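Enquirer: Residues per chain, in single letters:
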Amino acid sequence: MSAEALGPKEVLKTIDYKPVKRSWLELTVEFRKGTYLYTPPRKLLDYLGLPNPRKWLPSEKDWQLPENWRQIILEGMKDRLSKYRSFQLFLDICVRCGACADKCPFFIGSGDPKNMPVLRTELLRSVYRKYFTTSGKLFGKLAGARELTEDVVKEWFYYFYQCTECRRCSVFCVYGIDTCEITMMARELLNSLGCGVNWIVDPAAKCYRLGNHLGLPPHGFKGVIDTAIEDIREITGIKVEVSLNRKGAEVLFVVPSADYFASPHWFTFLGYLMLFHEIGLDYTFSTYASEGGNFGFFHSAELAKRLNAKMYAEAKRLKVKWILGGECGHMWRVLHQYMDTYNGPADFLEEPVSPITGTKFENAKSTKMVHICEFTADLIYHNKLKLEPSRNDRWKVTFHDSCNMTRAVGLFEEPRYIIKNVCNYFYEMPENTIKERTFCCGSGSGIGADEHLEVRLRGGFPRANAVKYVRERYGVNLLACICAIDKATLPPLLQYWVPGVEVAGVHELVGNALVMKGEKPRVTDLRFQPLKGEEGEGDV
Amino acid sequence: MDWATILRNFLCQKKASILERWFNLIMESYPGDSLFLKQEKDRFANPVGYTISQEIETLYEGLLQGVASDKLITSLDNIIRIRAVQDFSPSQAVSFVFRLKQAIRDELDKEIHEGQISKELLKFESKIDELALLAFDIYMKCRENIYEIRVNKLKAEVVGALKLSGKKSNAYQVKK
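Protein chains in written order, with the working numbering: chain H, 33 to 572; chain S, 962 to 1137.
Calculated directly from the structure, the hints in this document are not laboratory data.
Incorrect hints may have been included.
Simulated crosslink set (DSS-like; lysine-lysine; CA at most 27 Å straight-line) [said to hold, decoys possible]:
| # | chain 1 | residue 1 | chain 2 | residue 2 |
| --- | --- | --- | --- | --- |
| 1 | S | LYS1062 | H | LYS146 |
| 2 | S | LYS975 | S | LYS1116 |
| 3 | H | LYS65 | S | LYS1114 |
| 4 | H | LYS500 | S | LYS999 |
| 5 | H | LYS169 | H | LYS115 |
| 6 | S | LYS1002 | H | LYS500 |
| 7 | H | LYS87 | H | LYS115 |
| 8 | H | LYS146 | H | LYS162 |
| 9 | H | LYS238 | S | LYS1102 |
| 10 | H | LYS500 | S | LYS1116 |
| 11 | H | LYS279 | H | LYS392 |
| 12 | S | LYS975 | S | LYS1062 |
| 13 | H | LYS500 | S | LYS975 |
| 14 | H | LYS254 | S | LYS1114 |
| 15 | S | LYS1002 | H | LYS467 |
A quick note: this is a predicted structure, and the numbers were derived from the prediction, not measured.
Taking the hints into account, I'd like the entire structure generated from these sequences.
Expert: Here it is as structure tokens:
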């Protein structure tokens, strides 16, 4: 019966305070607008050569799955079980102790038990039991096994796109089960049916064609660089030099494309260019390796590998010695944990050495790629930069550890060291919300789409809650971070939960504090906002 | 002693048990047994449970003592902001206010049946109804906030697109 046809008594009957109590094995998912991601148009799947392109939406009853969809899933599972030992192990060894259960920000924010990592994994594990284990085949439900039905596929889509692969749960698992890998497998299986997400496939297709998620051609990239040079000249009076595709440069610098497109990323981008000018770094950008991020990683290992290949290819073509990478989260997870296997060995590159301090980055011996925060922290440590932290005095700063930078790369101290040297006011959030135990922004792994905002606000609530605490206690008004997705998705999160707190990259703060040789007296920061003490009468 | 004072005394004496009952009734609106939401006391590990348990106490005190409505609004906002983005319909999201009526009726069951406080309780329940109206306003504000954020994001993307097309935006320029 439609809502319009209901009388007052019927309407009252529809108001129920309690959700329906049913077995978790039986519940079907309701795709309410605001809680699901849009699907990619077939032309994008065609372009990338991905299977089963079609026009469909999760809210529709008929998902138009291919006729042999069950066979595709089961063969896909079998293939992955034989290929990835971790997949088989993670499905077999969980004892349902529940240590992970209350660690997922989506469970904490929603209260939905299927967002407990253990139960989210059961959605897949139950099918594994049914078709791949003797007990499941014999005892069915009694052994926690269930049939693979279209409703199960729909449930996978709903919940595996509510996992941001942040891996907070894995920190607490006594067996070391990485639920993120389960999500990765589930998404690969869904994508084998053509059940993907536009926010992932669209940038991946652009990246495959033009080298960056924006789909920006080389001349567009050049135009953006010119704009950045002009902004810096206006603020500092200095015209920085930036080279593109220059063969023989010592360093190839790769950034996430959001750095030269979005706000507040842009100010971090200005910070990089100012820093490199000041230390005289011999570096170049590549207009093809113009994307550090890798949305293919949120789709499948195969697509991630394809998108990643350009990085070493461009380093080889340009004959650089090593690669420097900008502020990004999942970019660094891919570089740190997958690139060597995907497209290595990078034996044509040299072990990275800072040309300014002589520091050998031994941790990058294999990948030949150094994180910008390691590089800058080393410069500061060796006293190579002249800094004026008071230029950041309008900010009371806290630092959000990006999931991938902490739990995948282990980079905790360098960004903090930099911030403490370029800012006068820094306050940590509570211990159980930072470093290894940091809370996710709620929008990583390709689910940061606009249409998905409600779910993102739920998943990001635990992070925002900790920000709110330091806001109320210390008057914090800036959340610094080193991840492009964070910079894009934390501002809306904070606008909803903690208005009055802005977001910035660490190198924006470096750019503000950096005293450059020959610069004019600075009156504004990189946002063109007056520095403290420089506010005119008309300024607010 | 008048009936209003008698009711107030009951509500004060039974504050802890009424709040506990109210909290548990609210938790019933979540799927599963909500044990985590009920039991985890760390404010950062369980911000939903913590916020609700803290704010309903403020609301209860507010109704009893007649505190300023802006304080009530802040408390309501802290709860409704959460429920406005959880998997609830609008009526479910604000239903927690009405659950206080049930908590009080259950706790004061004996007194109500003895006919001591029924009339005064009706007056008190009217205050709860007023709180519910405030809750509806706040729910709408939260939802509008979500749509505002989405619109602002689109606007920011236009600024970014202008930058890419070489038409520099002066969105961040200081007013001269």
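Enquirer: Compare the structure with each hint and give your call.
Expert: These are the hints, each one checked on the structure:
1. Proximity of S:LYS1062 to H:LYS146 is assessed by CA-CA distance (about 31 Å); at most 27 Å being required, the pair is judged violated.
2. About 52 Å separates the Cα atoms of S:LYS975 and S:LYS1116, which puts this hinted pair outside 27 Å; it is violated.
3. For a cut-off of 27 Å, the pair hint linking H:LYS65 to S:LYS1114 stands: about 18 Å separates their Cα positions.
4. Taking the CA atoms of H:LYS500 and S:LYS999, the gap is about 22 Å. The hint holds against a cut of 27 Å.
5. Only pairs whose Cα atoms come within 27 Å are accepted, and H:LYS169 paired with H:LYS115 is accepted, the gap being roughly 23 Å.
6. Only pairs whose Cα atoms come within 27 Å are accepted, and S:LYS1002 paired with H:LYS500 is accepted, the gap being roughly 18 Å.
7. The hinted pair formed by H:LYS87 and H:LYS115 fails the criterion: a straight-line CA distance of about 31 Å is larger than 27 Å.
8. With a C-alpha separation of about 19 Å, the suggested pair H:LYS146 and H:LYS162 falls inside the 27 Å cut-off, and the hint holds.
9. Between H:LYS238 and S:LYS1102 the alpha-carbon distance is near 38 Å, which puts this suggested pair outside the 27 Å criterion.
10. For the given pair, H:LYS500 sits about 26 Å from S:LYS1116 by alpha-carbon distance, which is consistent with the 27 Å threshold.
11. Only pairs whose Cα atoms come within 27 Å are accepted, and H:LYS279 paired with H:LYS392 is accepted, the gap being roughly 23 Å.
12. Simply put, S:LYS975 and S:LYS1062 have alpha-carbon atoms about 14 Å apart, close enough for the 27 Å limit, and the pair holds.
13. Using a Cα cut-off of 27 Å, the hinted pair H:LYS500 and S:LYS975 is violated, with the two alpha carbons roughly 32 Å apart.
14. Taking the CA atoms of H:LYS254 and S:LYS1114, the gap is about 25 Å. The hint holds against a cut of 27 Å.
15. Pair hint S:LYS1002 plus H:LYS467 holds up; C-alpha atoms about 22 Å apart against a cutoff of 27 Å.
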